[in-house]
Amino acid sequence: MHDDLLLTLLVLLPFIGSVFAATVSSNARNSEAWLAGAVALSCLILIIAAYPAIVANGAIRSEFDWIPALGLSFSLRMDGFAWMFAVLVSGIGFLVVLYARYYMSPKDPVPRFFSFFLAFMGAMLGVVLSGNLILLVLFWELTSLFSFLLIGYWHHNAAARDGARMALIVTGAGGLALLTGVLLIGHIVGSYDLDRVLASGDAIRSHALYVPTLVLILLGALTKSAQFPFHFWLPNAMAAPTPVSAYLHSATLVKAGVFLLARLWPVFAGTTEWFWLVGLAGTASLLLGAFFAVFQRDLKGLLAYSTISHLGLITMLLSLGSPLGAVAAIFHMMNHATFKASLFMAAGIVDHETGTRDMQKLGGLFRFMPITATLAMVAGAAMAGVPLLNGFLSKEMFFAEAIETHLHSVLDTAEPYAAVVASAFAVTYSIRFIHSVFFGQKPADLPRTPHEPPFWMRFPISFLVIACLIVGILPSVTVGPFLQTAVVAVLGSRTPEYSLAIWHGFNLPLIMSLVALIGGALIYVALKGYLQQCADGPPLFRLLDARRIFDDALVILSWRWARFLETSLTTRRLQPQLRLLVLAALLAALVPLYARGLGPLAAIPSRIDPVLALVWLTGCACAIGAAYQAKYHRLVALMLLGGAGLATCITFVWFSAPDLALTQLLVEIVTTVLILLGLRWLPKRSEAVDEPVTFASRLRRQRDLAIAVAAGVGFAALAFAVMVRPLPDTIASYFLENAYLMGGGRNVVNVILVDFRAFDTLGEITVLGIVALTVFALLRRFRPASDSLGAPEQQRVQNAFDEAQPDRKQGDTVGDYLLVPAATMQWLFPVIIVLAIYLFLRGHDLPGGGFAAGIAMAAAFILQYMAAGTTWVEDRLRILPVNWIGMGLLVALATGAGSWLFDYPFLTSHSQYLQLPLIGSVPAATALLFDLGVLGLVIGATVLMLVALAHQSVRKLRAARLSAAAGEESP
Amino acid sequence: MSGWMHHLLVLPVVLPLASGALLLMYNERRPFLKGVINLISTLATLYVAVMLLRLADTSSTGVYLLGNWPAPFGIVLVLDRLSALMLVLTGVLAAASLTFAFARWHTAGAHFHSLFQFLLMGVNGVYLTGDMFNLFVFFEVMLAASYGLVLHGSGPQRIRAGLHYIAVNLTASFLFLIGVSLIYSVTGTLNMADLAVRLPAVTESDRGLVEAGAALLGVAFLVKAGMWPLSFWLLGAYPAAAAPVAAIFAILSKVGIYVLLRLSPLLFGAQAGASAGFGSQVLLIGGLATIAYGMIGVLASQAMARLASYSILVSSGTLLAAIGLSDANLTGSALFYLVSSTLTIAAFFLLIELIERGQSPAADLLAVTAEAFGDEDEDEPEDEVGVALPGTLAILGVCFAGCGMLLAGLPPLSGFIAKFAMLAAVFAPPATGTEGGIALAGWIFTGLLILSGLAALLAMLRVGIRVFWAPVDATVPRVLVVELVPIIFLLLLTLALTVRGGPVMRYMEDTASAVHAPERYIDSVLTAPPVPAPAAQVHR
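Line by line, the protein sequences give chains E and U. Numbering of the first sequence is given in the numbering used here, commencing with residue 1 and proceeding in unit increments. Numbering of the second sequence is given in the numbering used here, commencing with residue 1001 and proceeding in unit increments.
Hints are computed from structural coordinates only; laboratory data are not their basis. One or more hints might be untrue.
To be verified - Derived list of chain U stretches under chain E, where covered just means 3 residues or more per stretch with a C-beta under 8 Å from a C-beta of chain E:
{"no.": "1", "region": "1108-1120"}
{"no.": "2", "region": "1127-1138"}
{"no.": "3", "region": "1185-1192"}
{"no.": "4", "region": "1480-1489"}
The beta-carbon is built from N, C-alpha and C at its ideal position, and this holds for glycine as well.
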């Protein structure tokens, strides 16, 4: 088969299977198992089929471009080492699927289980087959993710949730570190391609960034392999269903860490830093795991700590930097996977059959399940390193390596002793595992009566145990060639001579083995009584509950520290936000001005006109007064604001900008009136302070005042600086020159608005329309504060007057209020409309235009509402302001789009003189149509806001009527 | 580009405006009709955007002279890869949010559909315009519509947060206007390309004013982008907004980013003479601070909507810092991240509403306290038979996991690729022959990026476990298909971004190199010829 197809299929097949598995109906145990088994088996067959090619060529490769710009390719590569792992992953995967078929309850929602299981298998195959380090990291993180989902499969159990979360956080964080490390490798080597990285060992080791890179890579590998000090997640992950533990926590997931260490061994190993970092982690895990394992009550807990210990052994072997050590490490990876998976499955059977995994409760099961017991005993013996089993072989190699001197140091000297002590403990816990479960007293109160499991549930264990035996007895014939292929793949030309024989003579390693075996047995005898009744966990250390500590750490991190920081860095109040914003603006303007200077203020006017100065003084006084009164006297503030606006209008007139002045005046009027109408509905503010004025609040106010003054003065200074400097060569001159010639209008402002920059105007009128719609939407749901619901004071006084007079009905005075002005206002309606039309028509040549006309027209409507009241007006005038807005926009748009018909860009205008009967030659521009749209929109928007405000009174009346009616009914 | 294709350029603005105006002609009692018009317009705009993307990728910078006035005098619209990319992204988000809104939200207040279209018009206008004042106008259109939308659905909390939003953004607009007028007063032009030409020639005495103007503009954009400490409004407004509104708002903070990305290299790139690199330090430091702040917020958030809002800040901070580092390769990767994170956050906001539908606030609080003070029932007997998740929850769970992976930057979705791409640019091997190390800023950026991913992982795990694995009261929310489809669509897009990473990344790198070498942009704008007048001269 073609390499590309084979490798791609290998990685994709499990994922495809996963998708299928997820879609099967729940509780379909058999079909799920068939599917998963078939996928695993096909993978295994594919892998085995590839073996000859690997032996012949060293490796098979397949590469697809993925993101070439980033050096990321979908590159797969299977050499002997990857092959060995792929066989483990798919082979043990197949066995575990078979086992899980019987293990999982018929009621379990297995589609989820098998789907995650297969996806995990795919990710794991991806890790071992990746030929690009980034791809490896990608699959690496996927394994973390799916292991999280698998550990948390029984997520209704708190232990499962916590264990899963812990596993993901630790391994996921390690994965992030690994990613950074791989990126550093890419920085050093210039490529993420595994082949190129493996060839660049010298460059990496001599690079200045070697140590950071190494530390980051190690963080990834050690967290994954549950090595000290990151070992704590593995025992907590035992809340997973046993098939998951058998697969992930013996053969695959945890092996990914040591896989990576071995994979990158040629690149990183051999330095002092490597020796110390990896060696310390390995030795510590080896000892600590072995010691802790002895004191576990939970069968799976024992196995988990034993796994930590055995992986520590592998790590330590790799730390030595000697090729023989690497050989031993690779061999032990293989051996450990076989015996540990079978032991996990045996533990699962015990659990399944008896309902407990507590070794203090179990005992004497040999008579109930002799075959399982025998199998477990062989596997346990392999774990203990008893001769004639595979565990013994790699342990002998380990001893042999431990006594060699690699780098003169304390660690190197201590290693043989550590090795013997840890091995002794390994013997102890192996004996405990077997003895406390299968021998001794018959259990008294087991949840279930045990019996042998079905044959096919036992089959995976039998298969693996037989493998242990065969490898242990005939190593060089059976496993030798495969190991050799794997070793050559890692070590290349540095492959040492080694022998897989069982008997190497009566040498030091053998003595160490014997010491460990005898010592371990003695320790068990000594501790047996204690172990039968002690609490879970080793003495003293059992007080340190990793799960609790980890949870507390998380809570402290996110609940205490992060919350504290968040609250101290955040504000939810508006005032500080605005203060920050003003400060930021102040700073933003000051820093460049401070650095570059404000420039020369060349044209400071020498003569100041007293009249204009007076207008400005008044305007400034009004503005300051408005700000001063804004909090408690809104009406006063609003009036003062109007004064400031008038001063602006006058300034425009003064400097010959009649168009601006006209528009400004109209806008001032209409907005002031609208706000006045709205003021009525705002809740009252009392000047009485709700909190005592402290020194701090006084200080705060002073500070805010200072900021406000600084910002105001600053902007005034900026404006002044701009206005007194000579005009640069602006685009304005173009407008002045071309307004009539090309825009067809003499009023340059208007031509700019409706022609040169009509697009801006289009946007701005849209804004106006949107604002009106928003105001309407907001006010439609508006419910005034209770204290502004009553009639205004003036009306109350007038009503009181009516009541006092015998000949007047209540409401007469209110009805007659402003009678004469009201009549005038009603009569003014047509006049104002004519004025508006006049303003509109002359706009292109003289001050005026659609905007001013629209505002004027709106003023006419406002007057009607004020004069006659909402109900009266709306009974007579059918205004649909929303439609006016829509029409206005559509007309303006249609004018703009009209130029498309002549293949000119949007909004291109056309103007010419029209010969009209009676009137004669009249200038006409399409821009006038555009202006018509503006007119319509401005009317619509203004009136819509007016209506929204006016209807508050109507609604209030209705609400009052309703509440009155309710009041009458209730008594 | 010639013929009618040329007019495509203005359609992303004109189309939403026309449909928004048209929608005003129908009254609120016809929500279905309005919805259909809105949807047709949104999809048509998206289609136009995709066509423009193709155009931008194959031909040179497109320039559209509005009113047929030559640059720099009239207003120009400019289409390049960057603007086309943003148009498509916005269109996608709009389609998703709108579909989601059909389930219930679109009738929760007046004029939703019109405001929605106007928002699109504003956002699209911001991307396309090549004129500073026109940019302000479109900012206003966008903001005005967003004011209406943030209040959509009413309720005291929405009004309070909405009014804060309005107050802060109005102030920012005010600064924007001051900034534009300062720049105009010194340079005498509003056209961005012309500005880029004139800026290096500004005299030393005027430079302070121009830079002050640019800095004020920058403040306005940074408010929009959500840089700490100008971002607090966002944390109130986004969670309070209705879900589809929050989802489309995910693009609004990116609009601030877009403008900074457009203007910073154009006006203050290497060619800008004495002002070269102006403000990039602020972007860098502010961006880093924002990532840190967002990360802390993500960790501290219990409510999902708040978590999502903080994620926006993390994303903004990352982009700001990336722009501040001013490196073309990094910008390319950052663009990829921009797309990925925007899609993520939009999907997440939509999802949150569905998830929270099934929960009572009290149960939430209970779960939170249980976590902080330990579970009382820790020794519960362990039941070794799994429980099946109901179908709806399973789908929501998968979507949630997708969002979590995207936020944390875990594979296989695009969050991982985006993060990797940015880090790869930071750690790019030095060019041969040069002794290139990794700058301190690069290290800090990397560290914060990794840590913020971790923080997102922690927070999402906490929330996810609380909601899906250990619900206090297990009610299954009632969810309509029309609400699930847009979420799944957005998440599938992130998957597509991953799978088609090669071409996407190629596009992003081309975009970035064009942004960092704006000569072509400037040249295209300033030399764009108006359509010649017809032979018969019409003006007298």
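The hints, checked one at a time:
1. 1108-1120: holds (count 6)
2. 1127-1138: holds (count 4)
3. 1185-1192: holds (count 7)
4. 1480-1489: Violated, because only 0 residues of the region 1480-1489 of chain U bring their Cβ atoms closer than 8 Å to Cβ atoms of chain E.
Consistency note: the structure conflicts with earlier hint 4 alone.
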